[in-house]
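Sequences listed follow chains B and H, in order.
In our numbering, each residue carries its 1-based index in the first sequence increased by 181.
In our numbering, each residue carries its 1-based index in the second sequence increased by 181.
Bear in mind the hints are in silico, worked out from the structure with no lab data behind them.
Mixed in with the good hints there might be a few duds.
A pair counts as met if it fits within one copy or between any two copies, since identical chains are not told apart.
[Claimed, not checked] For lysine-lysine, the following BS3-like pairs were computed, each having C-alpha atoms within a straight-line distance of at most 27 Å:
1) Lys482 - Lys567
2) Lys215 - Lys417
3) Lys264 - Lys463
4) Lys415 - Lys186
Residues per chain are reported as follows:
2 protein chains.
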Amino acid sequence: MGFSKLNAIVGQSGGPTSAINATLRGVIEGASKKFNKLYGMRNGISGLLENRITDLTYLYNEDELLYSLSLTPASALGSCRFKLPSDLSSPVYREIFDILYKNDIGVFFYIGGNDSMDTVDKLSKYAKLNSLDVIIIGVPKTIDNDLILTDHCPGYGSCAKYVATTVYEVARDIASYKLPSVTFVEVMGRESGWIGCASALSKCYFGVGADLVYLPEAGFSSGRVLGDLENMLKQKNDILVSISEGVSFDTAVGEEDAFGHKALSGIGKTLELLVKREIGCKVRSIELNLPQRCAAHLVSKTDIEESVLIGKRAVMLACAENSGKMAAFVRAQGEYSVSVDMVDASLVANAIKCVPRDYINKEGNFITDKCVEYISPLIKGEMDIKYEMGLPRHFEMPDGNGGMACIK
Amino acid sequence: MGFSKLNAIVGQSGGPTSAINATLRGVIEGASKKFNKLYGMRNGISGLLENRITDLTYLYNEDELLYSLSLTPASALGSCRFKLPSDLSSPVYREIFDILYKNDIGVFFYIGGNDSMDTVDKLSKYAKLNSLDVIIIGVPKTIDNDLILTDHCPGYGSCAKYVATTVYEVARDIASYKLPSVTFVEVMGRESGWIGCASALSKCYFGVGADLVYLPEAGFSSGRVLGDLENMLKQKNDILVSISEGVSFDTAVGEEDAFGHKALSGIGKTLELLVKREIGCKVRSIELNLPQRCAAHLVSKTDIEESVLIGKRAVMLACAENSGKMAAFVRAQGEYSVSVDMVDASLVANAIKCVPRDYINKEGNFITDKCVEYISPLIKGEMDIKYEMGLPRHFEMPDGNGGMACIK
Numbered sequence: 182m183g184f185s186k187l188n189a190i191v192g193q194s195g196g197p198t199s200a201i202n203a204t205l206r207g208v209i210e211g212a213s214k215k216f217n218k219l220y221g222m223r224n225g226i227s228g229l230l231e232n233r234i235t236d237l238t239y240l241y242n243e244d245e246l247l248y249s250l251s252l253t254p255a256s257a258l259g260s261c262r263f264k265l266p267s268d269l270s271s272p273v274y275r276e277i278f279d280i281l282y283k284n285d286i287g288v289f290f291y292i293g294g295n296d297s298m299d300t301v302d303k304l305s306k307y308a309k310l311n312s313l314d315v316i317i318i319g320v321p322k323t324i325d326n327d328l329i330l331t332d333h334c335p336g337y338g339s340c341a342k343y344v345a346t347t348v349y350e351v352a353r354d355i356a357s358y359k360l361p362s363v364t365f366v367e368v369m370g371r372e373s374g375w376i377g378c379a380s381a382l383s384k385c386y387f388g389v390g391a392d393l394v395y396l397p398e399a400g401f402s403s404g405r406v407l408g409d410l411e412n413m414l415k416q417k418n419d420i421l422v423s424i425s426e427g428v429s430f431d432t433a434v435g436e437e438d439a440f441g442h443k444a445l446s447g448i449g450k451t452l453e454l455l456v457k458r459e460i461g462c463k464v465r466s467i468e469l470n471l472p473q474r475c476a477a478h479l480v481s482k483t484d485i486e487e488s489v490l491i492g493k494r495a496v497m498l499a500c501a502e503n504s505g506k507m508a509a510f511v512r513a514q515g516e517y518s519v520s521v522d523m524v525d526a527s528l529v530a531n532a533i534k535c536v537p538r539d540y541i542n543k544e545g546n547f548i549t550d551k552c553v554e555y556i557s558p559l560i561k562g563e564m565d566i567k568y569e570m571g572l573p574r575h576f577e578m579p580d581g582n583g584g585m586a587c588i589k
Numbered sequence: 182m183g184f185s186k187l188n189a190i191v192g193q194s195g196g197p198t199s200a201i202n203a204t205l206r207g208v209i210e211g212a213s214k215k216f217n218k219l220y221g222m223r224n225g226i227s228g229l230l231e232n233r234i235t236d237l238t239y240l241y242n243e244d245e246l247l248y249s250l251s252l253t254p255a256s257a258l259g260s261c262r263f264k265l266p267s268d269l270s271s272p273v274y275r276e277i278f279d280i281l282y283k284n285d286i287g288v289f290f291y292i293g294g295n296d297s298m299d300t301v302d303k304l305s306k307y308a309k310l311n312s313l314d315v316i317i318i319g320v321p322k323t324i325d326n327d328l329i330l331t332d333h334c335p336g337y338g339s340c341a342k343y344v345a346t347t348v349y350e351v352a353r354d355i356a357s358y359k360l361p362s363v364t365f366v367e368v369m370g371r372e373s374g375w376i377g378c379a380s381a382l383s384k385c386y387f388g389v390g391a392d393l394v395y396l397p398e399a400g401f402s403s404g405r406v407l408g409d410l411e412n413m414l415k416q417k418n419d420i421l422v423s424i425s426e427g428v429s430f431d432t433a434v435g436e437e438d439a440f441g442h443k444a445l446s447g448i449g450k451t452l453e454l455l456v457k458r459e460i461g462c463k464v465r466s467i468e469l470n471l472p473q474r475c476a477a478h479l480v481s482k483t484d485i486e487e488s489v490l491i492g493k494r495a496v497m498l499a500c501a502e503n504s505g506k507m508a509a510f511v512r513a514q515g516e517y518s519v520s521v522d523m524v525d526a527s528l529v530a531n532a533i534k535c536v537p538r539d540y541i542n543k544e545g546n547f548i549t550d551k552c553v554e555y556i557s558p559l560i561k562g563e564m565d566i567k568y569e570m571g572l573p574r575h576f577e578m579p580d581g582n583g584g585m586a587c588i589k
């Protein structure tokens, strides 16, 4: 046994997306041409440390299963949140490489966000430091779209399509009654407002949707939102407001503490209470919650195809003996297309790409045309979802969800 | 002018659904063969009283527009909540029939739930009492599926498909981490648990989904849910619980008042706090909210086709000189099919059909096979949704949403 470049392993880490399994499919398809064996770690690094490894080689050339896998939400291999210690002399590194050695694995793929790129970076540094001949490659995913050095992130396009569609449908719904009303839609995005940007699309395309969009990147105060709403209620009845979960409270909203809500609920509920008290019209808040990252019945074809592509290309990067790198999208000038390049995982690790100021209007309450141009291609196209008994058909790992299939 | 049987009017009332416009399409298609003119009241009876009437005759035989209409969420004509007075000598009745008379309208269709059937009943009684030759016909719709004397309600199948799919996807998501966790999904249904029943389907079909389902019809206490959860956490990690919004609090949950939450949030959030306090594991609550009734991108083909059918049949009932009736589904024995019959609107008005006891298990925390058999055919089939720029294409009334187009 040893670190054989003939065998590889893949893991998924961090928050699930609707496209993370499409990237897994890409890695499997790429691996089928290059590796004798492809293993999967259950629940990322933390499962690997428990020797919970499953053999994915049976999926080579199983096109129908792979198609189904690519449209199954959440991490088929299971996920984890596990930060490796900064001290590379920690015994956990030795443990990880021992397991790889014992299983004759010399290539390691990790699909995840910036925390996962931190893992890729540390493992590749440890290998180099100890002259261990193991290739470590990161493959990006995150609905938050906040990784630097890649044009966008696999998983974002599908989240954006789901959010844009849902906001559009909710706008139709609230227009049914002829009454002044305010509806807050709270979308994910603690530090960056990319998902919030997507909530503006139906309004930009068809004139129906979110009237106001507040992102963490733009200044925000309760006085501001009340002013915007009072102005807008003079013009139309049913106001739809998109608010990113990471928009920060100012002191005026902090007063809401009296409701006991600040710690318990999100910004949407807090603003609902504020508008009820200060404006007094009909008001509602909707938190889009987990479906944003798992509504695989409504994925973007562009996103799914690109997510498969980047998984395949990650295999090519590994076979060219790169390590400590993350596969990244480069957008062509002119008509939309992407190519895959590589960047240092160390640069991506723990960094955040925010929505640029020129993607947000001057007033800080909507997006600009430049932002629309950036997102539009990412949500395009629909996949042919297979249904069974009226529900989408999902892929199941044969060893069960979170089950064990130790190979050693 | 007068009450001409050559001209008809249609309105939509009550909460929107993803299929209420499919029924409107059915009425238009039926009307195109029978009436010279079909008008639409904007915002139901309340718009009619303001003479806000739009001419729908231009849609006769516009198959592409009608297809698009049938897949557009919420009430294309706008909706209202307007209860007619019990006293038939109220001047509002005279006003309504005057407007019909002035516009030469002798046939009146009202698409709605049990409150709307109350409107149908009262208008037909007033007409009969005053020898006014106007036909009044109700057409059912409600995601709640709680109208009596019809096998099921147009709109329910699409809501059930959306809820079942979303719960299935969320179950995949929460299984990604290997940690004990409880996730509450709060679904609509104040008085009946039909939507809650649908949340159990993926678990019944594929073994992945809601582990516990609490309906308003079954007894419920906080001690009960804590006991169920503690038992279940011994067997599996990620527990998914569906809870209908109408499940009533007992005193133990009432204590949550200390959090200031009872009046502000739903049962899901209340139970989240309870589990956090009493069990202490990771816990989350998701309120599915408005998308349950407007997620038209994921409708049931069976529901949409039946919703069109019942609209067409309502026209036939009117042409056979019935009045004060509601069109209703009758399910055939054996292989699933429905026919349309008629029932007295007076019987449907203000009544509620609850989930029968034998659709709920003995323990009161899940549904039975009998319930699955009842719902299964209703969620089957998918429509070909047309997309534009990556978003579903919706139908727009040419006079704008909630706009005015008085014909007199």
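Inset, instruction - Have a look at Lys482 and Lys567 and pick one of within, between, both or neither, based on CA distance no larger than 27 Å. - result: Cα proximity of Lys482 and Lys567: in one copy and across copies (14 Å, 14 Å).
Legend entry - Intra- versus inter-copy proximity for Lys186 and Lys415 (alpha-carbon distance at most 27 Å): Neither, since 67 Å and 42 Å both go past 27 Å.
Legend entry - Alpha-carbon proximity between Lys264 and Lys463, which holds within one copy, between copies, both or neither at 27 Å: between (45 Å within a copy, 19 Å between copies)
Legend entry - Homo-oligomer pair classification [Lys417, Lys215; C-alpha up to 27 Å]: This pair counts as neither: shortest intra-copy Cα distance 60 Å, inter-copy 38 Å.
The earlier numbered hints that this structure contradicts are 2, 4.
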